[in-house]
Structure formats: C-alpha cells, structure tokens
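Chains as they are written, first to last, in my numbering: chain A, 332 to 886; chain B, 332 to 886.
One or more of the hints may lead you astray.
In silico DSS-like cross-links for lysine-lysine, where the CA-CA straight-line distance does not exceed 27 Å [to be verified]:
1) K403/A - K430/A
2) K577/A - K835/A
3) K618/B - K379/A
4) K832/B - K813/B
5) K618/B - K345/A
6) K532/A - K532/B
7) K363/B - K532/A
8) K565/B - K882/B
Just so you know, these hints were derived from the structure itself, not from any lab.
2 protein chains.
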Amino acid sequence: MICNKISSQKWDTKRQDKAERINSVQSIVKQKIIPTSDIVPALERLIKSGDRVVLEGNNQKQADFLARSLSKVSANSVNNLHMIMPTVSLPDHLDIFEKGIAKRLDFSFSGPQSLRISQLIEDGAIEIGDIHTYIELYSRLYMDLIPNVALIAAYSADKEGNLYTGPSTEDTPAIIEAAAFKNGIVIAQVNEIVEDTRDLKRVDIPGSWVDFVVQSDKPFYIEPLFTRDPRQIKPIHVLMGMMAIKGIYARHEVQTINHGIGFNTAAIELLLPTYGNELGLRGKICKHWALNPHPTLIPAIESGWVESVHSFGSELGMENYIAARPDIFFTGSDGSMRSNRAFCQMAGQYAVDMFIGATLQMDHEGNSSTVTRGRLSGFGGAPNMGSNPNGRRHTSKAWLDMINNQQGETISRGRKLVVQMVETFQSRNNPTFVNQLDAVKVAKDSNMPLPPVMIYGDDVTHLLTEEGIAYLYMAKSLEERKAMIAAMAGVTDIGMTADPKTVKRLRAEGKIVYPEDLGIDRNRANRSLLAAKSMAELVEWSGGLYNVPAKFRSW
Amino acid sequence: MICNKISSQKWDTKRQDKAERINSVQSIVKQKIIPTSDIVPALERLIKSGDRVVLEGNNQKQADFLARSLSKVSANSVNNLHMIMPTVSLPDHLDIFEKGIAKRLDFSFSGPQSLRISQLIEDGAIEIGDIHTYIELYSRLYMDLIPNVALIAAYSADKEGNLYTGPSTEDTPAIIEAAAFKNGIVIAQVNEIVEDTRDLKRVDIPGSWVDFVVQSDKPFYIEPLFTRDPRQIKPIHVLMGMMAIKGIYARHEVQTINHGIGFNTAAIELLLPTYGNELGLRGKICKHWALNPHPTLIPAIESGWVESVHSFGSELGMENYIAARPDIFFTGSDGSMRSNRAFCQMAGQYAVDMFIGATLQMDHEGNSSTVTRGRLSGFGGAPNMGSNPNGRRHTSKAWLDMINNQQGETISRGRKLVVQMVETFQSRNNPTFVNQLDAVKVAKDSNMPLPPVMIYGDDVTHLLTEEGIAYLYMAKSLEERKAMIAAMAGVTDIGMTADPKTVKRLRAEGKIVYPEDLGIDRNRANRSLLAAKSMAELVEWSGGLYNVPAKFRSW
Numbered sequence: 332m333i334c335n336k337i338s339s340q341k342w343d344t345k346r347q348d349k350a351e352r353i354n355s356v357q358s359i360v361k362q363k364i365i366p367t368s369d370i371v372p373a374l375e376r377l378i379k380s381g382d383r384v385v386l387e388g389n390n391q392k393q394a395d396f397l398a399r400s401l402s403k404v405s406a407n408s409v410n411n412l413h414m415i416m417p418t419v420s421l422p423d424h425l426d427i428f429e430k431g432i433a434k435r436l437d438f439s440f441s442g443p444q445s446l447r448i449s450q451l452i453e454d455g456a457i458e459i460g461d462i463h464t465y466i467e468l469y470s471r472l473y474m475d476l477i478p479n480v481a482l483i484a485a486y487s488a489d490k491e492g493n494l495y496t497g498p499s500t501e502d503t504p505a506i507i508e509a510a511a512f513k514n515g516i517v518i519a520q521v522n523e524i525v526e527d528t529r530d531l532k533r534v535d536i537p538g539s540w541v542d543f544v545v546q547s548d549k550p551f552y553i554e555p556l557f558t559r560d561p562r563q564i565k566p567i568h569v570l571m572g573m574m575a576i577k578g579i580y581a582r583h584e585v586q587t588i589n590h591g592i593g594f595n596t597a598a599i600e601l602l603l604p605t606y607g608n609e610l611g612l613r614g615k616i617c618k619h620w621a622l623n624p625h626p627t628l629i630p631a632i633e634s635g636w637v638e639s640v641h642s643f644g645s646e647l648g649m650e651n652y653i654a655a656r657p658d659i660f661f662t663g664s665d666g667s668m669r670s671n672r673a674f675c676q677m678a679g680q681y682a683v684d685m686f687i688g689a690t691l692q693m694d695h696e697g698n699s700s701t702v703t704r705g706r707l708s709g710f711g712g713a714p715n716m717g718s719n720p721n722g723r724r725h726t727s728k729a730w731l732d733m734i735n736n737q738q739g740e741t742i743s744r745g746r747k748l749v750v751q752m753v754e755t756f757q758s759r760n761n762p763t764f765v766n767q768l769d770a771v772k773v774a775k776d777s778n779m780p781l782p783p784v785m786i787y788g789d790d791v792t793h794l795l796t797e798e799g800i801a802y803l804y805m806a807k808s809l810e811e812r813k814a815m816i817a818a819m820a821g822v823t824d825i826g827m828t829a830d831p832k833t834v835k836r837l838r839a840e841g842k843i844v845y846p847e848d849l850g851i852d853r854n855r856a857n858r859s860l861l862a863a864k865s866m867a868e869l870v871e872w873s874g875g876l877y878n879v880p881a882k883f884r885s886w
Numbered sequence: 332m333i334c335n336k337i338s339s340q341k342w343d344t345k346r347q348d349k350a351e352r353i354n355s356v357q358s359i360v361k362q363k364i365i366p367t368s369d370i371v372p373a374l375e376r377l378i379k380s381g382d383r384v385v386l387e388g389n390n391q392k393q394a395d396f397l398a399r400s401l402s403k404v405s406a407n408s409v410n411n412l413h414m415i416m417p418t419v420s421l422p423d424h425l426d427i428f429e430k431g432i433a434k435r436l437d438f439s440f441s442g443p444q445s446l447r448i449s450q451l452i453e454d455g456a457i458e459i460g461d462i463h464t465y466i467e468l469y470s471r472l473y474m475d476l477i478p479n480v481a482l483i484a485a486y487s488a489d490k491e492g493n494l495y496t497g498p499s500t501e502d503t504p505a506i507i508e509a510a511a512f513k514n515g516i517v518i519a520q521v522n523e524i525v526e527d528t529r530d531l532k533r534v535d536i537p538g539s540w541v542d543f544v545v546q547s548d549k550p551f552y553i554e555p556l557f558t559r560d561p562r563q564i565k566p567i568h569v570l571m572g573m574m575a576i577k578g579i580y581a582r583h584e585v586q587t588i589n590h591g592i593g594f595n596t597a598a599i600e601l602l603l604p605t606y607g608n609e610l611g612l613r614g615k616i617c618k619h620w621a622l623n624p625h626p627t628l629i630p631a632i633e634s635g636w637v638e639s640v641h642s643f644g645s646e647l648g649m650e651n652y653i654a655a656r657p658d659i660f661f662t663g664s665d666g667s668m669r670s671n672r673a674f675c676q677m678a679g680q681y682a683v684d685m686f687i688g689a690t691l692q693m694d695h696e697g698n699s700s701t702v703t704r705g706r707l708s709g710f711g712g713a714p715n716m717g718s719n720p721n722g723r724r725h726t727s728k729a730w731l732d733m734i735n736n737q738q739g740e741t742i743s744r745g746r747k748l749v750v751q752m753v754e755t756f757q758s759r760n761n762p763t764f765v766n767q768l769d770a771v772k773v774a775k776d777s778n779m780p781l782p783p784v785m786i787y788g789d790d791v792t793h794l795l796t797e798e799g800i801a802y803l804y805m806a807k808s809l810e811e812r813k814a815m816i817a818a819m820a821g822v823t824d825i826g827m828t829a830d831p832k833t834v835k836r837l838r839a840e841g842k843i844v845y846p847e848d849l850g851i852d853r854n855r856a857n858r859s860l861l862a863a864k865s866m867a868e869l870v871e872w873s874g875g876l877y878n879v880p881a882k883f884r885s886w
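All chains should be built: construct the whole structure from the sequences, respecting the hints.
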C-alpha cells in the first residue's frame, strides 16, 4: 500500500536557505571573513526573524562581541529570535530581549543576570522556554532545538575557518556540530586571524564546519570564576572538610570525583596534602577528577594525590601550570589544555563515584535549589552531576556501598554518591533548611509547570553540615530521610523538629554521625591545617607557574 | 604550611613516552603513514605490554584491519593489554585474548561473540572489567580508563592525518579525543589515503589529533545491522504497533523518540503513514528522532511525519536517500551524513520523550535483560536510553504525564517514557516473563558483583504485550507493579499468578488496557495495514534512492 506520499515536497530547503543567506553577504565578506566593522549588517542578513540562534556563553568563554553586535541589529528587520544560551551572564545577553530582537529564551545558567531575567519575564519582554542542565541543552540542539545560527568564540582562525579554541574549548564543539551539520550558519568571533593553517597552535574545529569568522574588537571576555582565595576559608569549612575526607571519601574509598566550586570543597582540596596524608589516604582516594583546573588543587597535585584531571573549561592564570603538567591535565599537541564541557559533563554523570557540592536552600525532604526569591539563576551542570545515572552498569567500591533495596526489590544496584555540603545558615538570619523552597513560589509566579529544583532529595546520598553527616542512602523511608535531615539542620526551624529519641536511634544505627563519632578533634579544625593559606602560597606550591589574576592579588 | 611536595617528580612522562614510541617507528613510517605491509611490526613498537588500548568497533564500523593486525603481534613482546572495546563483534577481537596478547576487557556490547566471551572467561583467558552502556564507556576514557593507544577506522585520510569519517562517524570523535589529548598514540586505518586535504570530502577529525594512518588491505567491514525486512513483520507486531500508537504515542503526545531495532518497532514505523494518518496524528506525534537511518522509516519520512533524525551511526544502502533528504538528516558540507554516537546517546538520554524497545527476558518486578544462558552479550545503548535521566529539567506533555509521587513527596517531577514492547513468549517454549532472569545465574557463575540487568523495573513506565498495555508509571507500589506485569504476561508462569479480581480493578482504574479498551479492532491487525510490505516497496517509497543490501534482495 503506497499512499500519502508527498511527491511535490522539497527536501533541501534548509540547504537552499543557507546558500541564499551566504549569497546575501557576498558584498561584505571576503571569502569566510567578515570585516569587524561590518558585523552588524552581516548579522542582519545572515539571521532571519524567528530563527533559533545559539549564542555561546559558558562559565568562562563568552562570544561577547557577537552578543554585543546582535544587540545592535535593527529590531525591525530581525526580531522574534529564539535564543539558546548555555549561560546568560552579560548585560548584552538581555539587551537583545529588551530591544525586541529576541523573544524566547532557553538556557542553563544565569548568575549575575538572574534578577534581571525575572524582571523581564514579569514585563513580558522575555518568554522562558526551559531551564536545563548543560548537557541536556546541548542534547536538544540535535533534537527539537536544532539551531539556524550558531554564534561562537575561539582564540584564532585561519582564512579557511579552521579554529583554535585552546584551553577554553568548552562547549564550542557540541554547539557548532548541531548547526554545521544541519545546514545552519556558523559564525565564529576570534581574537586573531592568521594567514595559514600552520600558524594556528592546533586545529580544534575543522574549517568546513565554520561559515564565517570575524575578528572581534577586543579579545573575548573571560574571568577566573572558579578561583577561591584560601584566605576566605573559615575554620568551619576546615571542620566540614575533615568530616568529608574521613566520613565519606575514606569510608567509601571514593576514586573518581567532581567537586563543587565553594569554599568548603576548596577546603577539602587543601586538606588532602595535610589531613589526608596524616590518615594515610594518598593513592587510595580522589585519583581521577572531572573538574575545572582549580588553583586550590595545586597542592594536592604537587603532593602526588592526583592522577588525572579532565576539565569542562579552563581557569584564568592556570595556563602555564597546566602546560607544565601534561601527565595530569588533558593537553594538545601544542602543549595547551583541551577542555570539553560536553564530555566532562558526560564523565561527571557516568564515570565518577561522587559529586559533592553546595546549595542555597534545602527542604525537609532534601530537595535543593539555588533559585531563590526573584532570581531565576538556573543550575548549570549540577542537576546532571548531582543525580544518579540509572544507566550506569560499572561498579566500584563506593558505588556498591550505596545499595539499599528500599522497596524490597530482589535485584540490587549501586548508586553514585551525591553529597550536599552546607552550613545550616547561609548568613545569620538566612537558614539553608527551609519548610518550602523559594523555587516553589518562583514557579507559581512565572507560570512554570514545576518548581525549578536543582537536586532532588532522593538523589542525595549524604548530607554534611557543621553538625555532622547524615548517610541518607541508608534511610528506609521518606520519613526516616526527613528525620536524618532534621538531625543535621542545627537550629533552623527544620532542625528544631528533630526528636531527641529518634536522633539517638539514628546515631546508634550509624545513620548519622557527629565529628566525635568519626574521631575528629574539633580543636584541630582551623586554618593551620590548610596546605595553602593564601594565593601567594598557591603560587609557591606551583613553583611560580600559577599566574594569579589581578583581582586576587594583594601584592 | 608547605609540605609533602614531590620536588623530583617528572610531569611529562607520558609525552616523553609518546615521543619515544614515535621515534621507534621512524625506520618504518613515512611521516604519518605506516605502509600496509608493515603494520604488525609498527604495532609491536607502538604498543607496550600492559597498555590500555581502545579498539574501535561499534555497531557498524569496525577497525577490523587493525584488530586483525593486533592479533598477529608477538605475544612475547606485547602482552597483558587491557582492551577497551565498545563492541566485540569479530572473531579477531577475541583471538587477541586467546593468543595471550590481551588479558582484560571492558566493553559495551558483544552479540555474535557473546558465547565465546563466556567460554574464555571460564577458561581464564579473559578477565572482564565491566559491561557498560556506550556513553558510560566513553566517559571512563576521560577518567579512570584513559587509553595509551587508540585504534580507529575512517574512510579516508590525507598525508597530514586529517580524517574523513563520513556517514559512519559514530564513536570515532569520542574515542580519539581521549587519547589525542592525553599523549596517547592514535592510529587510524583508512580505506584510502589522498594526496591533499582538498581531496577529502570533508574533514571530520583534524590531522593534529592523529599520529599515524595506515591504508587497510580492504575497506573496513560494515553490515546493515538495523535493516528489517517488512516481509518478516507478523500480524501480532501490527496489533502491538496499533496499541503503541493509540495507547501510548497519541495518549501522551510523544514528540521526540528513540526506537529499538526489532520487528515490533519497525511495524510502528510502517503504521504511522497508514493507521497513524487515519487517527489524524500526523504533525502531532513523533516529530524528532534519535535513530539510525532505518529503511523502514522511509514511508513515514516521505509522508511528512518526520521533522528531523539525528543518528548514532549510518546504515548500509541508505547513503543516497540520506544525501537527498538534508532537511531530515544531519549532513555535512559534502552532502553525506554525519552521525555521532556520543551526542546521539546524549540526546537519546536527555532530549527524548520516549524510548521504546524490546528484551529477551523480564522478571516479575519488570527488570529485564538480554543476557541469557551463557551469553554475556552486553547492552549497547539500552541502559542509557532506557532509563530516566534524573538531571532532566525541561518539560513536555509526555514527560509531565508520568508524574506519580509514589512515596508522597511534596514536589512533583516528570519522567521519560520507557516502554518495553514484548511478546509473552520468545518462541513456543521460551517465556519472556521469568521468575528469575538468567542474568542472576550468569553473574554468580562469572563472579560479577551484581547481575547484568539491561533496564531496571522501576525505570519501565509502560509494558506492552500482545495482551495489552500496563501503564506501570501509575503503580502505587512494587506490589501493584507486579500485579500489572502479571496481567500482561499471558500464559507464562508469571501471567498465571494474575488474580482475576485485581486484574478487573486495574482495568477499571485504567492502569491496564486491552485492545478493545482502546477501540482497536483486532481484525484489522494484519500486514495489509503496513505502508510497505517488502524491501521492494521501501525502494519504491524512496523513489529509487534506497539501495537494498545484497542479503536483503530477493530479486
């Protein structure tokens, strides 16, 4: 039965459309090169109203010149764009909406722009598609959010469009591929255009994937987002770090790991060479890392704790250190680092024993969110790494330790360790533990179908506060999980619901522990236990290779 | 406190080692080219005993010349290799172990070699690391299984090592990157070596990522693994397909999808243009696909059902059809397809509403496995796609339909639809539903810490058999789930445990349905409802573009 065949259908409309767009700028471009001063008229011809446009802007690398230029196009000729942006971090990113050039936004993380996003939603200037974890957003580029245009950033290009993305390769490959192989237009801003392919340090993206390159008016914006000054690590972080190392890392023999970016996980990194060595753990835990090149990891690397680090992106100031440590970091034939956000997120989800990070709020069931009052911040990679990959089939000591057939299933399986490490209060009057996440109200106010939860309670295997550790994976029911969370919630409202008898039982059963139970002397929990107490000491550890960014210099 | 610094440590041992290996073959190679006849001595110098070697072999594309050559190296000079192989499918893959060249194996899928793997384990000739889902295996290449050597396959290379991987790009990028950026050795077998970069159809892998290329003695092995002849689709498949379309796809408005590779899902593909049209569903369901280019999808594409298809790999015979349908498939600037197994698995996990596939065995709790008696087959991508990604944060009608706060959580969340579509018997005396999966015994016999389960019961949202559909996501407890499974298990032992009163209640509550409940006329469930009933009709639908592989030709 041959029926319903649409015989008149054209099957290469996108290819034709792409050819027309490219033709329309032939008076402006010289082969693949758009002159810097002509970028706005070029964008006005290459982008059509209603297009899906993916704009690179991740934690560190920003296609800022292209964002700025896009905000200057005429909203009369280009409007109703559907922007797909891993990170919304620059004012220009939202100017595009305010000026009526773009209408709809799908994103992963906002950060400094989170308050303004909320206001723009309220004003009706922006229509939110969804908030995603990074790798989920990249995934949709291949399914139902295939881009018409990709605007990306690289260090340098040759005249054929070959790109060097260097240490901050980040999400460029995942973004470009979706457009380049579906007849989308790929435009790369670069800091420099070189004469010949041989003048590129290396080729990260082949030229045939790139339609146009434009030299930006100034090098792309990059900031040392994950650098933590050891001076700001407090004794409470040291105490929590000691508990983490002894009560979690050592107990479960955690081999592969992703750390969050707070001062508490920075403390752990700086405790490995001191407290960790004292416990005889070197070579036994924390060997393989999915992590940006945190400067606070330098002492652990230099003391022989770290076998390998694969990175999402780079970190300003770490370039020379990384280049001098190719046994540890992923580096290219030119010696500089290669990062890859998609693959590192993939590894952070599927290949690590443990994710450890923090949150701003946690409810009684253990659900957490960084979306608080009026700030639609998104979550970046946390939902991906802070969740159990149900498809994982390889085992490890740590993963097997999590077995708990809660419903009485006859077949056991392990789990990834997901550790939430928080102080009970964010500031004096701002409890971390709340009866209801602000996210619930935000969802209602923004007409979102569900509250934006960062990590769900049943994915959290361990809760670590200054009070102690709750081994939530051992909970036999939601009720018991709630009791364990309350036991660690200090003097917050939720902490006050803890029933002393239940707490005693949980402690006796080893489901919660205090520092004393772990044999940790609170008196030792002070900054003298840190392998480096200042940026200067990190430089010393690095043998002068770490180049401290200006904002972190006190000298 | 500066302490424990290992001042004498060398940090570029891998780079040095790589340089030495490359030096050792300078008498053999001409720049990057290894002469075909010298591949064995070259491998003997480039690979060292104990190395981790990743050997490309995925569903379709096989680095078969390199596998064959590796099996010829002297086991005296090269031994104890740790092989990492996405797919173990050729006899040579296991000869390497039998000859004592390799010892340890990490893999994802075996298939025809599954019986021999089990025997080699028993004989002590092979030591199994873990069985993985594809994307999990790639992930570990960046963490704790970083390869020393990558042996991969491409269509063509130029003298600088630039590669054209073409329609079957598959997992090449994910594998090469891990070795290329960690000072591993990358060797590519190619069907041809061209003079100049401009003679390559396009560049898929930049030359600086590749250390050596060798022209294979014959083109790499490829087989049409996912081609299903419509002649073999039976009336029972048509009935099940009708139920799937009406009772699942339409009910939940499934937009984005991954199909398994059996005759039942092939039947669905061929029912969309007929039964689907009749129900007025065109443009309302199944718009975006994560799928290899199945020939049985041609009628749906030609009838305007499909907006886009992103593929893991290619399918022999589909080349011209794909090249003529760039609006649907991902194609490069040269017009040929670009597949990408890592990204397609990522999309199949995070971006689709639904996964639908089959299994060989399912137990009473809904756990399923294709590991049966003595066959350590592995699961390929099924565990990844057939599981809920807990990190997903975007919503869709289908995903939201799955909300069921089983434990009484206060915050709701959706789920991916995971549909198991099986006949109650695999063959007359071989029930699909079993009291215990064979995998449990296999695990015990092979000293595996856990049974190799393909998909866990609590990830399955729908069970579809010839009896009807069980909406498992509506189950309020493990007990209820078991009752729903029994209701669909026909006259198997598990089916016989179904209690008529419970079945009646489940039906009244809409938790299970029969074809009648869906308004499906069993009399219409025959082959005349298929849009194509033979390979010849698929060719006709394709306008002569589909080139039927020899083994499927009856003319």
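- List, from low to high, the hint numbers that the structure doesn't satisfy. Of the numbered hints, all hold.
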